[in-house]
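From first to last, the protein sequence lines stand for chains A and B.
Mapping of the first sequence onto the working numbering: position 19 corresponds to residue 19, and the numbering continues sequentially without gaps.
Mapping of the second sequence onto the working numbering: position 67 corresponds to residue 67, and the numbering continues sequentially without gaps.
Treat the hints loosely; a few may be bogus.
[What the hints assert, rightly or not] EDC-like mimics (lysine to aspartate or glutamate), calculated; alpha carbons at most 16 Å apart, straight line:
id, chain 1, residue 1, chain 2, residue 2
1, A, Lys-26, B, Asp-90
2, B, Lys-83, A, Asp-82
3, B, Lys-70, A, Glu-54
4, A, Lys-189, A, Glu-95
5, B, Lys-302, A, Asp-147
6, B, Lys-66, B, Glu-77
7, A, Lys-417, A, Glu-131
8, B, Lys-347, B, Asp-368
9, A, Lys-296, B, Asp-80
10, A, Lys-189, A, Glu-134
11, B, Lys-83, A, Glu-131
12, A, Lys-296, B, Asp-155
13, B, Lys-197, B, Glu-254
14, B, Lys-30, A, Glu-54
15, A, Lys-296, A, Glu-54
16, A, Lys-296, B, Asp-90
17, B, Lys-83, A, Glu-54
The set of hints was computed from the structure by calculation and includes no laboratory data.
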Amino acid sequence: MLSRKASCDSHEQDSSYFLGWQEYEKNPYHEVQNPNGIIQMGLAENQLSFDLLESWLASNTDALGLKRNGRSVFRELALFQDYHGFPAFKNELVEFMAKLRGYKVAFDPNKLVLMAGSTSANEILMFCLAEPGEAFLLPTPYYPGFDRDLKWRTGVEIVPIHCSSSNDFRITACALEEAYQRAQKLNLKVKGVLVTNPSNPLGSTLNRDELNHLIDFAIKKEVHIISDEIYSGTVFDSPSFISITEAVMEKHVDHESDLLGRIHIVYSLSKDLGLPGFRVGMIYSNNETVVAAATKMSSFGLVSSQTQFLLSNMLSDKKFTSKYIKENQRRLKKRKDMLVSGLRSAGIGCAKSNAGLFCWVDMRYLLRSDTFEAEKELWKRILFEVGLNISPGSSCHCSEPGWFRVCFANMSQEILKVAIRRIEAFAESLSSASGRENLSHQRSARNSRRSLSKWVFPISSYNDHEPADR
Amino acid sequence: MELSKNPQLLSNIATNERHGENSPYFDGWKAYEENPYHPIKNKDGVIQMGLSENQICFDLIEEWIKKNPKASICTSEGVDEFKNIAIFQDYHGLPEFRQALASFMGRVRGGRVRFDPDRIVMSGGATGANELIMFCLADPGDAFLVPSPYYPAFDRDMGWRTGVQILPVDCDSSNGFLITKAALEAAYEKAIEDNNKIKGLLLANPSNPLGTLLDRETLTSLVSFVNEKNIHLVCDEIYSATVFKSPSFTSISEIIEEMGSEICNRDLIHIVYSLSKDMGLPGFRVGIVYSYNDAVVSCGRKMSSFGLVSSQTQHLLASMLLDEEFVGNFLEESSRRLAKRHEMFMKGLEQAGITCLKSNAGLFVWMDLRWLLKEQTEEAEIVLWRVIINEVKLNVSPGSSFHCTEPGWFRVCFANMDYHTVEVALKRLHAFARQEKLAISSTRYLRNHKLQLSFSFERYDKSCVHVRTLFHRTRCPLTPQYFLDISVPMVRAASRT
C-alpha cells in the first residue's frame, strides 16, 4: 500500500544509536527531579557558548525586531523564498568559512547553496552525483545518520573503507583501494568518497597524508570527493585543520584531471554555532551543474528567511565572530580535557583528538569477548546500570568492537562531573566484582592502562579550580 | 568549470529537465526580473501577475508581532527562550507549534472538524510536503492521477526526485472545468491499459489555477472512487483560507468524518497544507503533511528531517496561531480584503470585455482569452502570451503551463501587489482588449469587403500610431505608450475587387 521506502527500515532508526535516545527520553536525568535518570552523552551538540550568542542579541536591537536600520523588513522576509538565498547571508557565510580556515582559502558565494541542515545537504549531493544502486565509499567509523541521509530515499549504497586502531583509524591508500575492489565485486559502481573532516566520531582532523591519498584516489578513479566539514569550527587543538580545498591547492593538481569539479563541501551552523534548530546547511561546489541542480533541489527544504536574516546580521559582526570562535574553541578544549582526565582516572583511555564535541573512547578491555555482541552487552549495561547514553562503535560501523563515542559539549559542567563519577564507580565495580576469576582480565586491563599514554592526549591546561562553564 | 569528460559524472536527476524550470512558464518571470514595474522608477515595466502570493494582510501580522515581542527569541522579552529553541531539532516539531497548526486548520474549516496535532508532520513548505508524501506512498515509476489544469510545479514536486509519474485527468470549460467521476474512471482505465500502476489521486482544493472549490457531492464521489480502487487520495488544501465568498469550503477531512470508517478507509487519506498562501508567509517555509495513516505519519516524520521548519519560525508562529482572537480577526479580515480585491479586479476585466471562470477562492482568476487566439492551438496561445508579456507588459501564466488542454486560458494573480498597481494592470488590459477587438472587427470588415490591409510607415504622420495586432504581427512593432493612449489606427485600405 505504501512505497518501499516507507515500509523498509533503511532509515536505520531501529539501530542502537536511536534506541539509546529513546531510553533517554523515557528517563532523562535531572539534577533535582530525576537524579538517577539517564545522562545523554549520545548527542553531538554544542551547548557551551550560548551566553555569547545571547549577549550579542541583547546588544543588537535591529535584528531583534526584524529591522534593518530601524525600518521593518518583516514583509520582505515573509515573501522571500528565492532559492538562491539571501545574498547578504551567503556573503557572510563564505567569509565565516574562510575565517575558520585561517583565510588560507577563499570561497565564492555564487557556488554556495543553502538548504535545511547538513542532513538535507548530504542527501541532495547523493541525488546529484549518483544513481540508485551506485555507491559512495565512507571510512569507518562514521556518523550513524549517514545510513539514512545518504541511502534511504536516494537508493545509493555505502561501502565502508575499513580503518583500524592500529594506525589511529587513519585512511590509507591501501584501505581505499581495498574498499573500491570490494565494491566492484559487489557490482557497485563507485561514484565517490565521502569523508567527515574533522571526523565524527573520532574527533580528529584528517592529516595531510590522508588528504593526499584521497586526492590521488579521486584523480585515478575519476570519482567525487565530498568533504563534510561541519565540525571545522570545533578544532580546539593542534594540528590545525586542513580543508580539502587547501589540500588540493597545495598539491598543485593538474587541471586536466578536472578534480576541482568533483570536490564538494558540506557545511552547517549546527555544530560550530550550536544552532541545530535553525536548520542551516549548505553545499559548496565548483561544479556549475551541481550548483544549479542543488539550488533547484533546495526548494524542498529552504532555510527560513527569518533565520537567514538573523544570522546574516550576526555573522556580519566580525569582532563577534572572531571572539566567538576563539572562546568556543577554548571551552571545548577544556571540556574535552575534563572528560579525558575523568576517564583516565577510571582506567579508561580515548583516541587522541583535537576537534569535535565527543571523545572516541576505548573500552575494548572491558568486553567479555572481542565481539560486537559483547559490545552491545556492555553498552546496555552502561545505559541501564550506569545511566549513560553513549554510542556504541558498531552503530558507527566501526570494524573493531569495544569503542564508544561519548559526547561532552551538550551538558553543563556539573552534569559532566556526575557522569564521570558514575563511570569511575562503574569501572571500580567491574574491577572489584571481577575477583580471582578475572584476574587475567584485570592484568590485561592494567596493560591497557599502561599503553593509554599512547592514546590519551597530554593534559596540561585543565585546572580543577577554574570557574564552571555553562 | 569544465565538466569531466566522463558523461556519467552526475546523476540523471541532476542533468535531466524534470525540474521543469526551462518551461515557458518561467520565461515570463525572467521578463519581469529584467524589467520590473515600479510606480515611480519604471512605470513601463512588466507587472508581475504570475506570482500567486498573498500580500494583502501583512499589516495585521506585523501589528501582532509588535504587540507580542515575547514570541520572537531575539527580543529582550523573548531571548530567555533562545537556547531551548536554538537547540531544538526534534523532528516531531515543537508540541505547541503542532497544536497551533491543528487549531488553525480547524478554525479555517469553521470549527467543523478537529485536527490531531500528533498527525501533523512538518516539511519544507508545501513543495517539500508534496514530495514527501510521494516518497511515502509511491515507488519510482508509479503514477498519480491529477486533474488538469494543475499547478505547474507539481511535475517537479511530485515527480522529479521520486520518479513518480503524473497522469493528467483533463477537464475543460464545457462543464466549468469540473472533475467528474466518469472522467476519472476513464482516465483510470486508460492508465491501466497503458500498464501504469496508479497509486493515487491528487486534488488541489481550492484549485490552483481555477480558484474554484470542490463541492460536497464531488468530494464524496472522489472518496468513493479511491476506496473502490484502493488508491490514495492526497488533498492539497493550501488555499483553504483564501475562500472569500460562498459557497463555503468543504475539506476532505469533513467528508471522511461524515462517511465514517466503514465506508472510507482512512489509511488512504492525506492532506497537504502550508501557511504560504493563507497567511502570506512563503519565506518562512511552513509545510505540513496531515495523514490519517499511522504508518505514513511515522515514516513521514523521519523523512521530515530533510526539511524541518526552523525552530525560530515554529516558536514565533506557535504563539501567533494560538492567539485565538488574532486568528479569528485575521481570517475574517483576510477574507474580506480578498473579496474586495477580487471584486475590483473582476469589475475592471468586465469593463474591458474580458470574462473569467466564476471563482470564489485563491489569489488569481482564470481568464478567458480564447477569443483572441488566431487558432485554437497551444502555439497560438504562446504567441498571445508573448504579446501580453512583451507588449502589454504583464506577466500572466498561460494555460498550457498548467497542462490545460483547451488553449486560450490564462491565470492572472491579483493579490501580490498594491491597489494602485492593480489599477495600472487593469488599464493596460483594458487598452489591449479594446485594441484587439477593434482589430478583429476591422479585419472582419475588410475581409467581408474583400479589402486588403497594408501598412506603410511613410504614409503616417508622426501623430499617428502603428497598429500591431495579433493578425499582422510581422509588420511594425508597437511601443508600450500605445497601450496607454488609445488612438484610432489609420490604415490604408486598398480595394482588391
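Inset, instruction - Run the structure past the numbered hints and jot down the numbers of the failing ones, going up. - result: Violated: hints 2, 4, 7, 9, 11, 13, 14, 15 and 16.
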